[in-house]
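Residue numbers (this note's numbering), protein chains in the order written: chain A, 14 to 406; chain B, 148 to 507.
Because the hints were derived from the structure by calculation, they are not lab data. Note that the coordinates shown come from a computational prediction; the quantities given were computed from them, not determined experimentally. Note that beta-carbon positions come from the ideal geometry of N, C-alpha and C, so glycine has one too. Treat the hints with care, since some could be wrong.
[Said to hold, decoys possible] Label-pair ranges, simulated between beta-carbon atoms: (1) B/F208 / A/I225: 39 to 49 angstroms; (2) A/V233 / B/E265: 17 to 27 angstroms; (3) B/F208 / A/G118: 48 to 58 angstroms; (4) A/T100 / B/F208: 34 to 44 angstroms; (5) B/E206 / A/L399: 25 to 35 angstroms; (6) B/I164 / A/Q319: 14 to 24 angstroms; (7) B/I164 / A/T313: 56 to 66 angstroms; (8) B/A224 / A/T94: 45 to 55 angstroms.
Here is how the chains run, residue by residue.
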Amino acid sequence: MKRRIYFYIGAPLISLVVFLFVFLKFGPLGLFQTTVVPLEDAFIQRVVFKPEQITVTVFNNGAEPVTIVQALINDAYWQFTMEPSRTLQPRERAVINMYYPWLSGDPQHISLLSRNGTTFDKEIEAAAITPQLQADYIQAFILLGLYVGVIPVLLGLMWLPLLKRLHEKWYGLLISLTVGLLIFLGVDALFEAFELIQEVPTALNGSGIFLIGFLLSILVLSAVSHKTEHLFDTDHEHTQALIWGYLIALGIGLHNLGEGLAIGSAYAIGAVALGSSLVIGFMLHNITEGIAIVAPLTKTIKNIRQDVHHVVLMGIIAGVPTIIGSLIGGFSYTTEFALLFLAIGAGAIFDVAFDIIHSIKKGSWLSLFKVTHVIGFLAGLFIMYLTGFFVTG
Amino acid sequence: MTKKLNIIILSTVILVILLVMLFLSKQTQVKRSVEESMGMGSMQSSVSKNKNPAQKAQEGFGPNGEVKTKQSINPTAFLSTWNFNNLPPQERKKYYKETKRSDGTALREYWIYAADQEIEIAPGVFYPAWTYNGQVPGPTIRATEGDLVRIYFTNRGTKAHTIHSHGFHKASMDGSMPEDFVYPGKTFTYEFTAEPFGLHLNHCHSSPVKQHIGKGLYGAYIVDPRKDTRPKASRELVMVMNGFDTNFDGENEVYAVNTEAFSYVKHPIKVKKGERVRIYLINTLESDPLNSFHLHGNFFDEYKTGTKQDPNAFTDIVSFVQGERSILDVQFKFPGQYMFHAHQSEFTEKGWMGLFEVEE
C-alpha cells in the first residue's frame, strides 16, 4: 500500500523530469527560438544623491543578461564604477556609483547604455541630498511619523468621552461612520497599491504580490476572529467591541505603514517638500482614523478609565507603524515591500469593515440601510474626502 | 487600583511623546541650520575627509573603458586614407584600379559593396550598421578634376541600397529614384566625370533615406582641382562628422567624427607647428538639423564646398546642415594640445570631440 503511494507521488514527477530532458535535448526548440535579439529590459530603481556623487541601483527586468557599458548624465558621458559586475543576470541588481557635480534642485537625467545601445533612463525632477542612515535623519523620520501618524490617531481617540455621551440611538450612526471611513481608507489603499504595481519590476510580478498580501490579511484576520469568537463569550459585546477596535487599529496601522513608506521615500528622493501645511493636512486626515477606532467602543464601554490602556494601545498599534514606515521608506525603499504592506493594510481594513457591517445587520440585509446608517456611512466618506484636500500638498 | 494605574499609563505615554518631540525638534533644528550655512549638499562631514570628491566629480567626464574589438576603420589611419592607399598593393587591387588616359586624366575604378556589419562606436557600445565595404564612414574616393570615376557596386546587404554621389553626373547615375535601387545580391556600375573640383560626399539614397544614412552608408568624395593655385598642404585629414541613434528613438546617443566617440581624445592627432594642415570636413549627421566644428587656440581658412580656390572665411568655427562640407586650412601657431569639437556642447559631451597634438 505504502509503495503505491510512493509510486503515485513519484510517477508524475519523474515523467516531468524525463519530458523536460527530452524536450531540451531533442525537442522542437527551434520553434521557440527567434532570430530577433531579445529585448534588453533593465530599469533604474533608485537614485541616491550624495555630495558630488550619484549612486544608481539598476535591476534587470528581462529574461536575458544585460551589460551596462556607458552612462550618460544630462547628455554627457560620465565615468562610473559598478558593483558587483557590469553584467546583470535576470532579476539581478547592481549599484552604479559616479562622481558628478550635480546641482541641488535641478532636474537630472540619467541614461545607461547597454552593449547594444539600448538606453535605460531615469528622470529625477529635482535632485536633493538623499538621507543617509544617520542620527539626525533618523530623528527627522521619527518626528515625521509622530506628527503624521501617532499624534493624529491619539487626538482622534480623545473624542471617545464625547462620543460616549451621545445617546445610544446615535450608535448606529457612529458605527456606520466608522464603516464609511474604513471603506474610504481601504479603497484609497487599493488604488495606491494598483499604482505601485506599475512600478514594481515585472519580473517580480506586482499583481501577485498584491493578491497574496490582500487575501493573506483577510484570511488571517478572519481566522483570528473566528478563533476568538470561540475563546471569548460571544455574547459579551464589550469584548467584541474591543476586538474590533484592535482589528481596526491593526488595519489602519498596516495602512499607515504603507503611507509612511510612501511619505518617507518621497521625502528622501526630494519628490515632496513636507511643508507644515502638508503635515497639518495629514494630521487632520488621520484624526479620522482615531475616531474610526473608538466608535465601536462607545456603546459598550462603561468606564473609560478602566479601558484606557486598551485605547492607548490601539492608538499605538495604528500610529507607530507610520514611524517605522517612514524610516524604512526614507532609507531603503523598494516598491515591492510598499506594495505588500499596502495590500495587507487594504485587506485588513476591508475585513474589519465587513465584520462590522455583518454585525449591524439584524435579520435581512435590507435592515442595513436605515437612514441613520446611510447618513453615517456617507458622512464617513465625506469626512475622508474633505480632509483629503489638505494632503494634496 | 486599575483606575490609578491607567491614569499613570496615559500620562506617562503623553509625557514621553512630548519629550521625544521636544528633544528631536531641537536636535533637527540645530542640524538644519548647520546644513544651510554650509551650502549645497555638504551636510555629510564624512565625505569631506575623502580625497576631494568635487575634483573627482569634475574629472569624471568621459567614456568608460576602451574600444577593445578590432575596428572596421582605424580612426587615425582613416584620416589620411583615400583610394584604399592604406592597403598593400596586392590587396588594394581588389578595390581600386587607376589607369592613365591619353588626355592626361585617369580612369579610376572602385569596387564597393554594401554589407551589414556590427561596429563598436563607443567603448563597449555596438551598433548594427549598414556599411560600404564593412566600414563607417565608407572608403574615401579621391579623384582629380576631369578623371573618369567608375564604381562597381554590389549589394551584399539585406535591403536595397544605392550610392548617390554629389557632383556633376547624369540623372541615370544619381542612385536616388526607385528604379535606381540595387536590391540584395544585385550589382550596378556608376560612372561619371569627377567635377566640379571640391569636397563632396556620397551616401545611400534608398528609402527611407533617414534610416539608410543613419545606419552608416556615407563617405567622403574629394575632387582635386587640375590646376591647384592654393598653398600646398603638408598634412591632409578626412573628417566625417556623424552620430548614431543606438536605441532608435530619433535622437543620437553617440556623436563623433569618423564614427568612434572620443577616439581622437584617447589618440590625439599629431601635427607639426606651422605646417599647413588641410581638413576635409563633411557633415553626415542624421536626426539633428545642425552640426559644427570648432578649433581651440587657432583659426583656419574655410573653402566652402572646396569649389573655389580662395578662402571664404577666416574663422575658428563652422556650422553645417546635413551634407554640407568645407575644406579647412590651419597652421597651428603654438605647440601643445588643442581641442576640436562640435560647438553644440551636448554633441561634444556625447563623443564628438578630439585633440590635436602640435609638436615643434
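**Q.** Status of the given 39 to 49 angstroms range, CB of A/I225 versus CB of B/F208
**A.** Once the Cβ atoms are compared, 46 angstroms apart, the range 39 to 49 angstroms for A/I225 and B/F208 holds.
Q: Starting from the range 48 to 58 angstroms, see whether the pair B/F208 and A/G118 falls in it by beta-carbon distance.
A: 22 angstroms, violated
Q) Is the gap between the beta carbons of A/T100 and B/F208 within 34 to 44 angstroms? A) Since the Cβ atoms of A/T100 and B/F208 sit about 24 angstroms apart, the hinted range of 34 to 44 angstroms is violated.
Q: Determine whether the Cβ-Cβ distance between B/E206 and A/L399 falls within the hinted range of 25 to 35 angstroms.
A: 55 angstroms, violated
(Q) Just to be sure I understand the hint, the distance between the Cβ atoms of B/A224 and A/T94 should be within 45 to 55 angstroms; is that true here? (A) 33 angstroms, violated
(Q) Is 14 to 24 angstroms respected by the C-beta to C-beta distance linking B/I164 and A/Q319? (A) 23 angstroms, holds
(Q) Range first: 17 to 27 angstroms. Now tell me if the beta carbons of A/V233 and B/E265 are that far apart. (A) 55 angstroms, violated
**Q.** Cβ separation of B/I164 and A/T313, checked against the hinted range 56 to 66 angstroms
**A.** 28 angstroms, violated
Violation of the numbered hints given earlier is confined to hints 2, 3, 4, 5, 7, 8; the remaining hints are satisfied by the structure.
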